[in-house]
Amino acid sequence: MPHQLTGAHILCRALLEEGVDLLFGYPGGAIMPFYHALPEYPGLRHVLVRHEQAAAHAADGYARASGRAGVCVATSGPGATNLVTGLATAHMDSVPLVAITGQVPRAMMGRDAFQETDIIGITQPITKHSRLVEDAGEIADAVHEAFAVAQEGRPGPVLIDVPKDVQNQQAAWTGAGARRAGTATASAGSPLTQAALLREAAAMIAAAERPLIMAGHGIVLARAYDELRALAERTGIPVVTTLLGISAFPESHPLHLGMPGMHGEVHVNRAIQQADVIIGIGLRFDDRVTGNLAGFARGAKVIHIELDPTEIGKNVPVTIALVGDAGTMLRGLLAEVRPRECESWRAEIAGQVRPRVESFRGGLTPEGILGAIDEATGGRCTVVSDVGQHQMWVAKLFPYQRPNTHITSGGLGTMGFAVPAAMGVAMARPGEPVWAISGDGGFQMNLQEIATMVQERIPVKMAIFNNGYLGMVRQWQQFFHGRRYSATPIWSPDYVRLAEAYGIAGRRVECAGDVEQAVREALGRPGPALVEFMIEQELNVFPMIPPGASLSEPIEAEPAPLVPT
Amino acid sequence: MTGSHAVTVLLEDRFITFNRAVGLLRRRNFPVRSIAVGPTATPGLSRLTIMVQSDEATAGRAVEHLQKVIGVREAVSFPASDGVARELALVKVRGPGHRYAEFLEVIQLYHVTVVDDAPDAVIVQLSGSESFVLSCLRALEPFEILEIARSGAIALRATNHMGSQP
Chain A
1 MPHQLTGAHI
11 LCRALLEEGV
21 DLLFGYPGGA
31 IMPFYHALPE
41 YPGLRHVLVR
51 HEQAAAHAAD
61 GYARASGRAG
71 VCVATSGPGA
81 TNLVTGLATA
91 HMDSVPLVAI
101 TGQVPRAMMG
111 RDAFQETDII
121 GITQPITKHS
131 RLVEDAGEIA
141 DAVHEAFAVA
151 QEGRPGPVLI
161 DVPKDVQNQQ
171 AAWTGAGARR
181 AGTATASAGS
191 PLTQAALLRE
201 AAAMIAAAER
211 PLIMAGHGIV
221 LARAYDELRA
231 LAERTGIPVV
241 TTLLGISAFP
251 ESHPLHLGMP
261 GMHGEVHVNR
271 AIQQADVIIG
281 IGLRFDDRVT
291 GNLAGFARGA
301 KVIHIELDPT
311 EIGKNVPVTI
321 ALVGDAGTML
331 RGLLAEVRPR
341 ECESWRAEIA
351 GQVRPRVESF
361 RGGLTPEGIL
371 GAIDEATGGR
381 CTVVSDVGQH
391 QMWVAKLFPY
401 QRPNTHITSG
411 GLGTMGFAVP
421 AAMGVAMARP
431 GEPVWAISGD
441 GGFQMNLQEI
451 ATMVQERIPV
461 KMAIFNNGYL
471 GMVRQWQQFF
481 HGRRYSATPI
491 WSPDYVRLAE
501 AYGIAGRRVE
511 CAGDVEQAVR
521 EALGRPGPAL
531 VEFMIEQELN
541 VFPMIPPGAS
551 LSEPIEAEPA
561 PLVPT
Chain B
1 MTGSHAVTVL
11 LEDRFITFNR
21 AVGLLRRRNF
31 PVRSIAVGPT
41 ATPGLSRLTI
51 MVQSDEATAG
61 RAVEHLQKVI
71 GVREAVSFPA
81 SDGVARELAL
91 VKVRGPGHRY
101 AEFLEVIQLY
111 HVTVVDDAPD
121 AVIVQLSGSE
131 SFVLSCLRAL
141 EPFEILEIAR
151 SGAIALRATN
161 HMGSQP
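Keeping their order, the protein sequence lines are chains A and B.
In terms of the numbering used here, the first sequence is residues 1 to 565.
In terms of the numbering used here, the second sequence is residues 1 to 166.
Here chain A stands alone, though its shape is the one from the complex (with noise of 0.2 Å):
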């Protein structure tokens, strides 16, 4: 006869079945009974962040770095809500999380108790599923479910919500085990059509003059980075990364063009405007990708590998859908697509490749920053980026040569996101060292979880480009709204000593000669440290596409300043 356990007991149990061993949490009255079991867990490691915002970005960096569900716990009400960034984050950009938010007592659910909110209802549109588990018998059978749904198919993040009672409810335990989830699964065509697909496609890239890839995040997802490159070799197709596709393919790899979009090189931009074949991997055609959709690509056919049908002619119109995984994809097309060269297609890209306009005083660069950052590692480091002007640095000028080592929120455009996310990916690798580099503005969003690396001994090293503003809202000023900085300038407090009173080191750099010492001196730190790189202020990324306008219209200096009258 199975045994009688207590909820909270069944729910560390289906955690360990799952394989989980660390979860990212902040304990509250409605999760009191789970938190009560845990200690008699050694094997789940729970780590307490100082915010359950963070909880949700570190599951997040920990699921991105690893391939497998993060794991976030809170508490009802409050503690709920905080959560809700980041699971907007993971669902935007498709990363398997799994999250338990204690409820209010059933009895009491309906009647506006202390710290009750209807988190399954706040959450219902930023996360792939969700359920109120109603009854201790259930629980088991609702943690295997979530994470087969967060990390089948397409991942995203999963909320499970236990009451307190629930919790406290005693129920058999039958260790039954992980499920598969009974979702309706969308056909990718009988395997007659995808073979004539595939064949299609290859006939397609076969006639095509002005052939390119773009890489998306379903690379990294797949883990198809072999096939990527396998694909780009035999064909001698140019490839282009989007902002979560970068580092699925080596950057040194002379067939690599860059990043599109609004902040992509011009020849990259212009490669897909010239493109006559486009070639779309696990990428969604996102506006910051695509710029203005009537001036996209227009003399292009697109053909689309795509795990989500719902992502097949959203944005862009398709040529030839290829439905499923982008590694059985590529395998399938790899089996199909002859050999081929695109040389004098690459020499006239090669031809429109600019020098950089950006210039920078007193020599402290975010290149020189950077590659002080990947001399000192060899290479060998995950960097986690924010969001603004540092993040489309990092995307661009880090030579990423190892597959998903570089990690950002991309769709939502999460400030705040690298600081927890980063000390997700250091204990998902650990061993390696994982930057976080963050602006002046991100890096005050969630710097409180410099304590919980502290407390718990995760070793991020922490980079902040101070500009003194929130650059990249600054830049948009600068350029959209007549110089108006309306709130943009940023005060800091002096974050050396602010490392100092968190107990770690830190240090400030000013001037170009100081930066490789100092990345160096974090790295041979064996815990946190903190590198603060004073970069000039008004730095402006470029070049740029206007919001609105298409990839053939960049901004590639700053425009005139203007003449009092």
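Any given hint might turn out to be false.
As the list claims (entries may be wrong) - Not everything, but these chain B residues come out facing chain A in the computed CB check (under 8 Å):
hint	residue
1	D13
2	R14
3	I16
4	R20
5	G23
6	R61
7	H65
8	K68
9	I70
It is worth saying that the hints were derived from the structure and are not from the lab.
Note that the Cβ used here is the ideal one computed from N, Cα and C, for glycine as well.
Let chain A serve as the given structure and place chain B on it in line with the hints.
Just chain B, lined up with the frame of chain A:
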């Protein structure tokens, strides 16, 4: 071609599943005209009928999105003209009084059933295609409509197309 499309969904009959399906239609901005839900022959499963005013591709996209919702077992779409779509309406009109003969004429003409007859107000029941219901309502307008309750259309794809009957 833009027109009326029926999206029919078989889903677990739990509030949360219904909520998810409908929330998704709102979030993705689908041009929904009506929504109706009710049980099916299979215990635990409901059928949701959504009428959208759109082209076929948009209706198809709604289906693909709905198929991703956990708890949705099946979703299909078809042009309303390829199926049978019907709705039910209850209409409360002011007691026809001296215009009773005229009222009876309308009732007979449209096969409307009187389901509640009181001195001040009469409730009639009518059912049929959307256009039939609308023309009935127009015919009843002269008698001062007090309240209307419409079910929203339910639809099934026709196996043997019967054409447009009322």
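For each hint, the structure was consulted:
1. D13: violated (15 Å)
2. R14: Violated, because the Cβ-Cβ distance from R14(B) to chain A comes to roughly 10 Å (cut-off 8 Å).
3. I16: holds (7 Å)
4. R20: R20(B) check passes; min Cβ-Cβ to chain A is 6 Å, inside 8 Å.
5. G23: Given a least distance of 5 Å, the restraint on G23(B) holds.
6. R61: holds (7 Å)
7. H65: holds (5 Å)
8. K68: Holds. Min distance 7 Å.
9. I70: Holds. Min distance 5 Å.
Checked against the numbered hints given earlier, the structure breaks hints 1, 2 and satisfies all the rest.
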